[in-house]
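Based on these hints, arrange chain L on the given structure of chain Z.
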Amino acid sequence: MPSLDALVFFMLAGLALGSAGVVAFSKNIIHSALALLGTFMGVAGMYVTLSADFLAATQVLVYVGGTLTLILFAVMLTARIEQMKISNPHQGLLVGIGLVAVALLVLGKVAATTAWPINERPSNPSTAKLGHAFLGEFLLPFEIGSVVLLAAMIGSVVLARRAVRREWEKE
Amino acid sequence: MQIGLIHYLTVAAVLFGLGLLTVMTRKNAVGILLGVELILNAAALNFIAFEHFVVGDVSGQVFAVFIIVLAASEAAIALAIVLMVFRNVRSIMADRLTALKG
Numbered sequence: 000m001p002s003l004d005a006l007v008f009f010m011l012a013g014l015a016l017g018s019a020g021v022v023a024f025s026k027n028i029i030h031s032a033l034a035l036l037g038t039f040m041g042v043a044g045m046y047v048t049l050s051a052d053f054l055a056a057t058q059v060l061v062y063v064g065g066t067l068t069l070i071l072f073a074v075m076l077t078a079r080i081e082q083m084k085i086s087n088p089h090q091g092l093l094v095g096i097g098l099v100a101v102a103l104l105v106l107g108k109v110a111a112t113t114a115w116p117i118n119e120r121p122s123n124p125s126t127a128k129l130g131h132a133f134l135g136e137f138l139l140p141f142e143i144g145s146v147v148l149l150a151a152m153i154g155s156v157v158l159a160r161r162a163v164r165r166e167w168e169k170e
Numbered sequence: 000m001q002i003g004l005i006h007y008l009t010v011a012a013v014l015f016g017l018g019l020l021t022v023m024t025r026k027n028a029v030g031i032l033l034g035v036e037l038i039l040n041a042a043a044l045n046f047i048a049f050e051h052f053v054v055g056d057v058s059g060q061v062f063a064v065f066i067i068v069l070a071a072s073e074a075a076i077a078l079a080i081v082l083m084v085f086r087n088v089r090s091i092m093a094d095r096l097t098a099l100k101g
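These protein sequence lines are chains Z and L, in that order.
Under numbering that gives the first Met the number 0, the first residue of the first sequence is numbered 0, with each subsequent residue one higher.
Under numbering that gives the first Met the number 0, the first residue of the second sequence is numbered 0, with each subsequent residue one higher.
Chain L extracted, bound-state conformation:
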């Protein structure tokens, strides 16, 4: 059995679907962040798969490196925001955060 592009696309699509489900159904803000990480990984996997099977350059890997960089900075910023929210509201459940100014 030959492993081709469609197998990698399937794995990335399922990974994306699970991440989307996590983002949509979680109430914990950190849980939502975990779902975003899953989605970013699925996108990076797609970039690498297309680069290997279709394009044949290193541009897909360049994109994936930038995805990793942005995911790291996003996690750092999200950690700071979650800490601030927890300090002010004493909860990070997303449905408790209803005030825009408090």
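Isolated chain Z (complex conformation):
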């Protein structure tokens, strides 16, 4: 009988990896995009078990509320979803699986053979420490991050609007 935290971990891992499998192998792009929700939720649960509680809330808010909505917009504005044909085709699946297997072998070897200096510590809430880090040591990256978000917002608006021909552009 596994302990409770092991049980929780395996449920979260199953949710995340099963949804990721649907993302990777589903033939319908809508199913892939919606399955990403399960992956995000599973990873957010793992953040909670790793005592990153603020990050788990951020993951749910930003990824599920923002990024996933954007991706669903992209799917519905571009794929012709009224035709229920294969909207998410594969190409070269066997080659891809082979290459990924090689990459996973390398990763597994590194992760298993390196002697990580593990020291166990209890799970404590870390939101206050994170806030102090952001407004102290990491203040400049924090501000640069907000500038990046502003630039991305302006850039996507400029890219996605319909081009309006102005007077001086007409030949």
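If you are wondering where the hints come from, they were derived from the structure by calculation, not from laboratory data.
Here a beta-carbon is modelled for each residue, glycine too, at the ideal position from N, C-alpha and C.
Hints are supplied without guarantee of correctness; some may be wrong.
Simulated restraints, written as ranges between beta carbons of each label pair [unchecked claim]:
no., chain 1, residue 1, chain 2, residue 2, range
1, Z, P121, L, M83, 48 to 56 Å
2, L, V54, Z, S145, 23 to 31 Å
3, Z, V147, L, N87, 22 to 30 Å
4, L, R89, Z, F9, 40 to 48 Å
5, Z, D4, L, A98, 47 to 55 Å
Same frame as chain Z, but now just chain L:
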């Protein structure tokens, strides 16, 4: 059974592998974007796992917050680019986009 660092690393590695597979095999541009999101999540999970088990500071969480910020802006830009491509080519299958100037 004790859940340790290696379990989280395994989950992140499999997540990364599935994302890599998605990026390599999909033809739909939005599908490729989904794979990139999987890879970014795997990287953030690794940061948090190492922070909890090895480093013991909040620097890993700072990195993960920046990963989330950059993923959000990347999704917004990618949505705009995909819309532009669809408007011009009437398709977002990556193998149909062969012209550099059109």
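Here's how the hints hold up against the structure:
1. At roughly 50 Å, the beta-carbon separation of P121 of chain Z and M83 of chain L lies within the given 48 to 56 Å, and the hint holds.
2. Our hint of 23 to 31 Å for V54 of chain L and S145 of chain Z holds, since their Cβ atoms are close to 26 Å apart.
3. Evaluation of the 22 to 30 Å hint for V147 of chain Z and N87 of chain L yields a pass: the beta carbon distance comes to about 27 Å.
4. Between R89 of chain L and F9 of chain Z the beta carbons are some 45 Å apart, a value that agrees with the proposed interval 40 to 48 Å.
5. Range check, D4 of chain Z to A98 of chain L: Cβ separation about 54 Å, and the 47 to 55 Å hint holds.
Going through the hint list in order, the structure satisfies each hint without exception.
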